Amino acid sequence: MKVLVVEDNPVNMKLLMLVLKKYGHEAIPAINGTEGVEKAVRYHPDLILMDIMLPDITGLEATKQIREIKNMADVKIIAITSYAMSGDREKIIQAGCNGYFEKPIDPLKIMEDIQKMIGENP
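With my numbering applied, the sequence shown corresponds to residues 3 to 124, in that order.
Simulated from the structure, these hints should not be mistaken for laboratory data. No experiment lies behind these values; they were computed from the predicted model shown. By construction, the Cβ of each residue, glycine as well, lies at the ideal position given by its N, Cα and C atoms. Hints are not guaranteed to be accurate.
To be verified - Label-pair restraints from in silico Cβ distances: (1) 13 x 70: 15 to 23 Å; (2) 101 x 59: 19 to 27 Å; (3) 105 x 72: 28 to 36 Å; (4) 95 x 59: 32 to 40 Å; (5) 109 x 71: 13 to 21 Å; (6) 110 x 70: 29 to 37 Å; (7) 66 x 110: 29 to 37 Å; (8) 3 x 69: 27 to 35 Å; (9) 16 x 92: 29 to 37 Å; (10) 108 x 72: 29 to 37 Å; (11) 28 x 75: 19 to 27 Å; (12) 26 x 93: 27 to 35 Å; (13) 101 x 45: 15 to 23 Å; (14) 12 x 92: 29 to 37 Å.
Given the sequences, and given the hints that come with them, work out the whole structure.
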């Protein structure tokens, strides 16, 4: 599976890239929302892990832009956020995400959680 990781925190990026590669997935890094949208167009990933708080455009705005791209309506997008407050889940889903994870990320469980969310067997 080809996975685009849109994350501006170098530690979280490294963690996600290592876990994805360990499970045999092709991991594509993007450090901000604009780069995430560009790489979504270029690589047509099967899954996008999208940080919400990014330095340029938010992950929600990047998700909306990706959803407008031809052939990207069905790609699974999972938000990753440390700001999950009341009402945030609705905003995340309305923006076009299929679900979300809260930070901090548990490296021992993240792949199982991703597989559950996208409907694959762990």
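Which hint numbers does the structure go against, in order from smallest to largest?
1, 4, 5, 8
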